[in-house]
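*Asks:* Residue-level listing of the chains:
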Amino acid sequence: MAMVATSAHDTGKSRAARNWRPDRSTVISMLSVAVFFILWQLAPEMGWVNGRFTSQPTQVLVAAIDVILNDDFFYHARISLAEFSLGFALALVVSIPLGVLLGTSRTARHLIDPPLMALYVAPTLVLLPILVVSLGIGMASKVAIVFLNALFPIVVNTIAGMSEADPKLIRAARSFGASKLDVFVRILLPGSLPSILTGIRLAVGRGVMGVVVGELFVSQAGIGYQLNTYGSAMRIDRLLVYALVVSVFGYLLTVSVRALENRVSTWRPE
Amino acid sequence: MITDVFMRRQALILGTMSFIIIGVLWQLVVDFGIVNPFFISTPGAVWQELLVQLQDGSLLVNTAATLYSFALALGLAVVVGIGLGVLAGWFRDAEAALEPFIWFKYSAPTVAFYPLFVAWLGYGTPTIVAIAFLFALTPIYANTLSGIKNVDRDLKRVATSFGARPHDIFFRIALPGAVPVIVAGLRLGVGRALTGVVVAELFGANAGLGYSIAYYAQMLQTSRMMVPIVTVILLGVILTQALSYIEKRTEAWRVVHDN
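Chains A and B, in that order, give the protein sequences.
Going by our numbering, the first sequence wraps up at 270, each residue one higher than the last.
Going by our numbering, the second sequence wraps up at 529, each residue one higher than the last.
Worth flagging that the hints you see were computed from the coordinates, not collected in a lab.
Away from chain A, derived, C-beta distances all over 12 angstroms, residues of chain B:
1) Leu-298
2) Phe-302
3) Glu-319
4) Leu-324
5) Leu-329
6) Leu-425
7) Val-428
8) Gly-433
9) Arg-435
10) Arg-442
11) Ile-443
Coverage of chain B stretches by chain A, computed from C-beta distances (three or more under 8 angstroms per stretch; other residues unrestricted):
12) 367–375
13) 387–399
14) 467–478
15) 499–510
We treat Cβ as the ideally placed atom computed from N, Cα and C, and that holds for glycine.
My request is simple: use the sequences and hints to build the entire structure.
*Replies:* Right, here's the structure in full:
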């Protein structure tokens with residue numbers, strides 16, 4: 001929703017601003033977004049498409065206010081957020097130690113790598129029905145699918161980070177009498193932090209997807225539940241409001257992790 | 271990293287062992303009554319069920335349905351993704367015009383728009399293909415864009431001074447140089463297209479592996495459900511490995527810099 005408001009606004013401003021500093025790419029980007037919204041607004045009114053199926057930016061804006069004021073929005077958002085946070089926290093707690101273990105032990109890695117890779121590249125979401133059968137249709141199965149979906153990118157990137165450590169640094173530290181623990185805490189961990197954060201960033205997207213898929217598959221509450229409800233009721237305006245809320249959430253979280261990643265990447269030895 | 275480890279013999283032996291260990295553990299936790307087989311079935315029961323589903327042809331039918339949607343979606347994503355990626359990589363203005371949408375596509379979980387596609391296209395193959403197409407599009411587009419855009423400047427300058435026209439540079443330098451990066455994008459796209467197909471099939475379809483997983487889950491028939499689940503995981507691994515192999519072969523096309 002925020003996108004709708006700012007882009008329309010910014011385009012007007014940037015046209016005026018063109019006098020003092022024209023950045024061609026920015027102007028084109030904004031024009032292109034503006035054209036998209038104008039077309040979206042006009043198409044149903046001109047009868048090019050059926051407005052029942054596409055809604056309109058203005059309708060979505062009205063629906064957004066409506067949803068926030070009288071649609072139990074915060075109740076559903078809180079449930080989805082709780083499922084996501086729990087599953088993601090669990091994934092963090094399990095995946096980083098697991099990645100560290102696998103990254104530092106060759107045998108453990110050879111033993112666990114193939115099934116790990118299989119689950120990393122294969123669609124983990126197919127396990128959702130088993131989870132629903134075992135854990136029921138409530139929050140537990142969503143927490144589990146978020147956990148599973150977010151787990152593997154972090155494990156894989158933690159392993160990669162551990163094996164990226166500079167062997168020269170390790171050898172130097174060892175010859176100055178550093179213990180295994182010292183090497184781990186002072187060299188391996190800081191050295192692999194950028195890579196771990198990359199894994200976390202990828203996991204955010206997969207975790208958000210896990211919540212949505214889990215709730216769309218079967219649920220009694222949550223954003224995905226509302227998506228289903230308004231989809232089958234053909235309330236496209238409200239459907240889009242909820243879809244945009246999820247998108248903005250995923251976007252903000254990804255951007256924050258990326259910001260952290262950029263700050264930490266300077267730790268990496270050149 | 272995947273192939274690196276797979277390549278070594280030791281890795282292969284330990285890897286095989288790990289699958290055997292998983293199978294044995296799976297059987298044991300059920301045999302000792304730690305986990306109710308109703309929830310996770312047993313390797314033996316799944317094997318039996320695999321034979322049944324192979325014999326009555328249902329596994330083949332479902333796999334074919336999934337692969338059909340997968341091929342359609344991936345084909346579309348390849349055409350559109352590489353097309354737009356080349357356009358955006360070659361013309362800066364095109365990149366600027368597309369960027370906000372791609373940027374949105376990156377951050378938005380595509381599945382959230384699944385009910386919208388159902389409203390537009392109904393349940394079934396068109397919706398499944400649309401979702402899988404959107405899943406696969408982003409990495410293919412992004413990699414093509416960066417492949418074309420990061421064309422080697424020195425090569426370009428040399429070609430220009432020898433009188434190459436823009437389309438010569440495009441077809442002889444930019445496009446071949448971009449191939450390895452594009453193939454890497456395809457590898458990511460393949461995995462995502464499969465995920466898209468199966469997830470959309472879970473929600474609503476009348477054939478396909480995802481459909482049969484959801485169907486058996488509703489019947490609470492865990493052993494039967496495990497067969498399509500294992501098949502999907504296998505398909506994912508095989509398709510990704512195949513693309514990794516192609517990626518290695520095209521690696522030679524990459525322009526190497528000697529400093």
